[in-house]
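Enquirer: Here is what each chain is made of, one letter per residue.
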Amino acid sequence: MTPEVLSLSNAPALWAAAMLVKIIVAFSVLMGIVAYATWVERKVIGRMQTRLGPTMTGPNGLLQPIADGIKLFFKEDIIPNEASKFAFVLAPMMILAPALISMAVIPFGGDYHFTFHGVTYLIPMQITDLNIGILFILAMAGLGVYGIVLAGLSSNSKYSLLGGIRASAQMISYELAAGLSIITIFMLSETLSLSGIVAAQKEVLWGITALPSWMHNWYIFSQPLAFGLFVVGSMAEINRTPFDLPEAETELVSGFCTEYSSMKYALFFMAEYANMVTISAIATTLFLGGWDGPFYGWINFLVKVFGFMFFFIWIRATFPRLRYDQLMQLGWKVMIPLALGNIVVTAIAVLLWQ
Amino acid sequence: MLSILFYLFAVVSIFSAFYVTKSRSPVNSALWLVTTFICFAVLYITLDAPFMAAIQIMVYAGAIMVLIVFVIMLLNLGTAVKKRYTHALVWGGGMSILMLIVTNFFIRRSIPTGTVGDITTQTIKSYGHTELIGRAMFTDFLLPFEIASILLLVAIIGAVVLSKREV
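Listed in order, the protein sequences are those of chains Z and W. Start counting the first sequence at 7; every next residue gets the next number (the working numbering). Start counting the second sequence at 235; every next residue gets the next number (the working numbering).
So here's chain Z without its partners, still in its complex pose:
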């Protein structure tokens, strides 16, 4: 007798339990990656600059993130007198929350078969599969601007204000380029749901059956330009290093977070790394076939995400910061026209060959 496979909507209690477990696991893994991304970043950049990076706390400095966390936790929490308190306290939360929420729609692996009392249930390895998945991520990316803007505005300090102004101009410009580059992916996959996009990428490359079957139709092969635009655009959107003008240490004394101390400052740092993980996960899902690959489901996914994180760290060690006019020129005069052109070309190609 073949076991009956049911979806979890038939068992509400089990559904709730599975949901809770998924949320807790995803959240704690994300937080672990965030904590150890700081360690990896310091180690890797250290090696690239022929230094050692952290070595003293624990073996190879492995306890460094915990030590840093404890240190920041016990520092005095200063709120400037002139600051507008409500927005000042709200800003670090507003920057961290969207980065974490976006993880809710990302598929980590294939369906997991779970047997309970002789009945097999199908658990998707994704917290929730919205049929507007990508739009949800874009919406959350749009909300991410508020954290930085509010931090800059409410601190009531000129460096913070300059950082906030730079951040909002930069993030609005690059959000457009990153968002426009994703549109070609919907055109090819004909769905907005992220698990649907992963499923569409498991077919044979470009629909040519003569190619070997292990070559899957990852969108990086059909949309290399969109991939490049998305990675650069989202790096600018999360203020990673060649685009970290809002927190330029040398000219703005770390910009929008100048006035922050203690745990609030730590939240900004966590948000930066959480954004990095989220962007890596989105790029993996949209362009690199999600959890598709040679290993077991979620291991592929993690390998790709870590690859992206290494790439971001590598870029940080390699490129100098852009000047502000160069940044705006790149965003509006190069990336947005390229993204629009890519949409037109893809539309014609889809009309001709699909």
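It should be emphasised that the hints constitute simulated quantities derived from the structure, not laboratory data. Do not take every clue at face value.
Stated by the list, open to error - Derived, one-sided and incomplete: chain Z residues facing chain W with beta-carbon distance under 8 angstroms:
#1 S90
#2 A93
#3 V95
#4 I133
#5 F142
#6 A145
#7 V151
#8 V155
#9 L159
#10 S174
Remember, predicted model here, so these are calculated numbers, not experimental data. The beta carbon of each residue, even a glycine, is placed where N, CA and C say it ideally should be.
Add chain W to chain Z, keeping to what the hints say.
Expert: Just chain W now, kept in the frame of chain Z:
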């Protein structure tokens, strides 16, 4: 469950809409307005319109309000812009109560017959909200859609011309 959610978000949205006008610092007003938009997005989701919800957050909260906050930041408006009390508050309150009565009158004037149109919850579930909106926009409402896009194009050109006086 759904009605609890509805009342929760309706109360929060009304509360935050009230604080948009009451709050004395323009930044806090803007924040309350964002809260209102997010509550609207949740209400759209409960009405089986997830695409509208995403667009609501992307366009209103993610783009328009960011621009407004950006302008507030550039102008550096202090907290003293709004006085604590003006006569406008009384007039505004009176107007809104009047509007509420009129709306209530129009809602209660007719009796719902219970007939449904083509698009039901089942249709939305099977086709997807985005697909339905896309199809309607590019087939039935093609002309209004094109007119709206030309209007936007004119606005873009106007903005470029206005901001760039000498070429």
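Enquirer: All hints are to be evaluated individually against the structure, with a verdict given for each.
Expert: Evaluated hints:
1. Hint status for S90/Z: holds, given a least beta-carbon distance of 6 angstroms to chain W, under 8 angstroms.
2. Because the smallest distance between the Cβ of A93/Z and any Cβ of chain W comes to about 6 angstroms, under 8 angstroms, the interface hint for this residue holds.
3. The interface hint given for V95/Z is violated, since its Cβ lies 12 angstroms from the closest Cβ of chain W, which is over the 8 angstroms cut-off.
4. Because the smallest distance between the Cβ of I133/Z and any Cβ of chain W comes to about 16 angstroms, over 8 angstroms, the interface hint for this residue is violated.
5. With its C-beta approaching chain W no nearer than about 6 angstroms, F142/Z sits inside the 8 angstroms limit, and its interface hint holds.
6. At its closest, the beta carbon of A145/Z sits 4 angstroms from a beta carbon of chain W; the interface hint therefore holds under the 8 angstroms criterion.
7. Given the 8 angstroms rule on beta carbons, the hint for V151/Z holds: about 5 angstroms separates it from the nearest Cβ of chain W.
8. Taken as an interface hint, V155/Z checks out: its beta carbon lies about 5 angstroms from the nearest beta carbon of chain W, inside 8 angstroms.
9. Below 8 angstroms, beta-carbon pairs count as interface contacts, and L159/Z has one with chain W at about 5 angstroms; its hint therefore holds.
10. Hint status for S174/Z relative to chain W: holds, with the closest Cβ pair at about 5 angstroms, below 8 angstroms.
Going down the numbered hints, you'll see the structure goes against 3 and 4, while the others check out.
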